[in-house]
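> My request is simple: use the sequences and hints to build the entire structure.
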Amino acid sequence: MRFVTIPMRSSIQVARRTFHSSVLRANTEVVIKVEPIARPNEPVENKRRRLLYQSRKRGILESDLLLSTFADKYLATMTAEELEEYDKLLDEPDWDIYYWATRNFDVTPLPDKWRDSKILARLQELSENKENNVLRMPDLY
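Reminder that position 122 of the sequence shown reads as 104 in the numbering used here, one-by-one numbering, no gaps.
The hints are simulated quantities; they were obtained by calculation from the structure and are not laboratory data.
Yeah, the Cβ is synthetic: ideal placement off N, Cα and C, and Gly gets one too.
Just so you know, nobody snuck in bad clues.
List of simulated lysine-lysine pairs, DSSO-like, C-alpha gap at most 27 Å:
#1 K100 / K112
#2 K112 / K39
#3 K15 / K39
#4 K95 / K39
Restraint ranges, calculated between C-beta atoms of paired labels, are given here:
#5 K95 / P25: 22 to 28 Å
#6 I19 / R85: 27 to 33 Å
#7 K95 / R32: 20 to 26 Å
#8 E113 / V13: 39 to 45 Å
#9 E110 / R21: 29 to 35 Å
#10 P93 / R32: 20 to 26 Å
#11 K112 / V12: 41 to 47 Å
#12 V16 / P91: 17 to 23 Å
Spelled out as structure tokens, the structure:
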């Protein structure tokens, strides 16, 4: 589940036209929960292609590089269960994924649901870059 935080400071006048003025105060934030799109019965190859694209086109360069490299290395050999777990991981906010992958739990604590994740463990191992490779974006197929 993604959360969208909308700061209301600059648009308070617009908001007052929509909501009664006693509801919103200055410096109010509205948090909207956006549920991921359910894709029941999605063919496995379609899921792999979608996850490859979603790994590459995150919007934050650090996440793009890390996740697209991970997808390039592991996506083709993932089981259906691993694909489902990776799909759920990609539903998390980009910076959270990045900080979890780099084990920077002081910035973003790791939720209990990801503590035993094999996918996240592989992503963390990849982020360590033990071979000291210069990473670049893998080609999109």
